[in-house]
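Undergrad: The primary structure of each chain is shown beneath.
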Amino acid sequence: MRHILAVLVENNPGVLTRVAGLFSRRGYNIDSLSVGRTEHPNVSRMTIVVEGDDLVLEQVTKQLHKLVDVIKINDITSEEYVDRELVLVKVGADPAVRGEIIQIVDIFRARIVDIGQRTLIIECTGDEGKISAVIESLKPFGIKELVRTGKIAMLRGHKFTSLNEFKEEE
Amino acid sequence: MKMTAAKALLQCLKEQGIDVVFGYPGGSILPVYDALCDFPEIRHVLVRHEQGAVHAADGYARVTGKVGVCMATSGPGATNLVTGIANAYMDSVPLVVITGQVATTMVGTDAFQEVDITGITIPVTKHNYLVKNANEIPLAVKRAFHIASTGRPGPVLIDLPKNVLQEEITYTNPTDLKLLGYRPTYKGHRSQILNARDLIMKAKRPLIYAGGGVVSSDGAKSLKKLAETISAPVVTTLMGIGSFPGDHRLALGMVGLHGTKYANKAVTECDLLIALGVRFDDRVAVDFKSFAPNAKIIHVDIDPAEIGKNVRVNVPLVGNVSTVIESILENLNNKQEDEWLELIEEWKAAYPLRYEAGVELKPQFVIETIRELTNGEAILVTDVGQNQMWAAQYYKAKGPRTFISSGGLGTMGFGFPAAIGAKIGSPEKDVILITGDGGFQMNMQEFGTAMEQGLSIKIIIINNSSLGMVRQLQKFYCDGRYSAISFHKNPDFVKFAGVYDALGLRVREPGELRGALEQALSTDGPVIVDCIISEEENVFPMVLSGRPLNEPIEG
Ligand SMILES: Cc1ncc(C[n+]2csc(CCOP(=O)(O)OP(=O)(O)O)c2C)c(N)n1
Chain Y
1 MRHILAVLVE NNPGVLTRVA GLFSRRGYNI DSLSVGRTEH PNVSRMTIVV
51 EGDDLVLEQV TKQLHKLVDV IKINDITSEE YVDRELVLVK VGADPAVRGE
101 IIQIVDIFRA RIVDIGQRTL IIECTGDEGK ISAVIESLKP FGIKELVRTG
151 KIAMLRGHKF TSLNEFKEEE
Chain P
171 MKMTAAKALL QCLKEQGIDV VFGYPGGSIL PVYDALCDFP EIRHVLVRHE
221 QGAVHAADGY ARVTGKVGVC MATSGPGATN LVTGIANAYM DSVPLVVITG
271 QVATTMVGTD AFQEVDITGI TIPVTKHNYL VKNANEIPLA VKRAFHIAST
321 GRPGPVLIDL PKNVLQEEIT YTNPTDLKLL GYRPTYKGHR SQILNARDLI
371 MKAKRPLIYA GGGVVSSDGA KSLKKLAETI SAPVVTTLMG IGSFPGDHRL
421 ALGMVGLHGT KYANKAVTEC DLLIALGVRF DDRVAVDFKS FAPNAKIIHV
471 DIDPAEIGKN VRVNVPLVGN VSTVIESILE NLNNKQEDEW LELIEEWKAA
521 YPLRYEAGVE LKPQFVIETI RELTNGEAIL VTDVGQNQMW AAQYYKAKGP
571 RTFISSGGLG TMGFGFPAAI GAKIGSPEKD VILITGDGGF QMNMQEFGTA
621 MEQGLSIKII IINNSSLGMV RQLQKFYCDG RYSAISFHKN PDFVKFAGVY
671 DALGLRVREP GELRGALEQA LSTDGPVIVD CIISEEENVF PMVLSGRPLN
721 EPIEG
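Protein chains in written order, with the working numbering: chain Y, 1 to 170; chain P, 171 to 725.
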């Protein structure tokens, strides 16, 4: 089963190496990992999608906790959450097919963010299902280049994975 | 107070109560060695190889319970430490390891003697720091000691670029560690403690399985109280030797691959396994699925990740082992299961540790004689291999921190430098090293260190002119096709001692042993006793791969 972990880490040099190294060293499979700053300058947030049964997840979480730079971990898989991914796709777009591409872009509420002589860059955000669907629809036009961010996710409502709440707990 | 960062570093060590450091100098760490001239209160032990420094710091930490400190220069100095760091990591030994690094302006350029030692040691340290801002050194050192010595102990490395060490800083002793993500749990969960007590009272065949966590949490007294209160026999891991008196009526000795048959039978037949500061390692559990098949399991450990890692447990208890045992003991009634204890006694009588005493010198006899001569009051340090297993089986250590051995990593060459650290940490005690001729040759250059420091270490070489443990594996698993296990040219170890003007003795027959050991023990300074044994000698019992734990071959 795939799990989504929201992980708060101290923003120290090497923290990404420590986390990524732990996964490979212990043989856990990362589906995706995205990382960026949070509302606190010293704290970063990682969203890690990891494959494994409950036992594996228990170990992953416990081993992550042992890293001194890891502040907090939430497995949000079974909670109510919002998740998003961003993709940029460069497709072949001869003038003859542009109209068709624009229709697809509209349907998915994606955006065209660059127009070249023979290519378009399309930006799309959404959950995994939507991103996959957009990519599938664009395939026939020839995908020249594709880059996606990996998932980020946040709990709905009055539940948090943040330092603020962490401080309140104490 | 204004001072160079190098001096600030030593000031920090002083404030941590450090009075001995094991190390080896070099270019990048020059500023620290320069500052050492101004800190006569810190004893620097100059080793002959950096591996010696880190194992010595490790041995020192194991016997004292304090943090061991070692240092080395950048590049090869730092990489020479790696085995020792990994060794300490596997056995949860608190170390602070200080390495010099090339100047920050050169980092990342493949400069002379540059290696990414923080990168290299991520998997084998509890944490590490590369300090690029001189003002952060006091905080980094304080954090390093805190992290190394609390929770599940382990090595922490601090990498210090040369130009950072040379900077002038205003020294202040940091008060706030600001470690957001580091807060070990010490007290066991209340309801789980009740559950544990409940299982203990219901058990008909309770067994305690004690490991290194009992020793490192200073829990030996609590363990004894628990065992006696509930009359539970105790098996120990290699790391747990000494956590329970080896000559106690409830002691069943070591469990696992080369454990006593009665310890292994007890594990297989108990109905409650009280696992204290252990990690169900594969040398013990052998096969996770069939380990303690009839038992409910209470697992106490400071590291939550160890609980449920290899085997499923019924009562998980995260906390300091000693503290948790004391909590369990509150309101715990005395009990005794006579049938179980009688069964144990039957097994002890039926399957004792044994060897054939005859005209040949036997390694088991060597260990037994040492036990007798020292009354178990000495600190026994071992190397790795058959010698280690015989020592573990026959020494029957009396107390914690008196049996020092490389467990998790099984590092040949650990013994001698660790004995140096042990003797410096515990000068009033006899320190005896049991080593193979193979392992001794991995770090025997430290004889110079031992001489220079005037350390009375008694080096007992169990000399089979071969890599005995590997030979044994080849005998049982490779149909006796022996490959690369014989030393056709060993040095004359008696002469080797003589080269340093130290005493060396050779023992070939059982009758010569006692006299030689007595002479060694009453001689000042390092002594080598070269005990010549047959290369055919094997360690028994031995659980063959794929066989059940309770059916070892007994020779
Ligand atoms: C550094 C290292 N290299 C290799 C091994 C594998 N190994 C385990 S025991 C052993 C033989 C040890 O021989 P010796 O030191 O003579 O001791 P004995 O087993 O004969 O008592 C070897 C090679 C090891 N444990 N450590």
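Just so you know, the hints here were simulated from the structure itself, not pulled from any lab data. Computed from a prediction, not measured in an experiment: that's the story for all the values here. Among the clues, some could well be false.
Claimed, not checked - Derived lysine-lysine pairs resembling BS3-like cross-links, with alpha carbons at most 27 Å apart:
{"id": "1", "chain 1": "P", "residue 1": "K357", "chain 2": "Y", "residue 2": "K62"}
{"id": "2", "chain 1": "P", "residue 1": "K372", "chain 2": "P", "residue 2": "K394"}
{"id": "3", "chain 1": "P", "residue 1": "K302", "chain 2": "Y", "residue 2": "K66"}
Undergrad: Would you mind marking each hint as holding or not holding in the structure?
TA: Hint-by-hint comparison with the structure:
Between the alpha carbons of P:K357 and Y:K62 the distance comes to roughly 18 Å, so the proposed pair stays at or under 27 Å and holds. Distance hint between P:K372 and P:K394 is fulfilled; the C-alpha atoms sit about 20 Å from each other, no more than 27 Å. Between P:K302 and Y:K66 the CA atoms are separated by roughly 24 Å; this keeps the pair inside 27 Å, and the hint holds.
The structure fails none of the hints (numbered hints given earlier).
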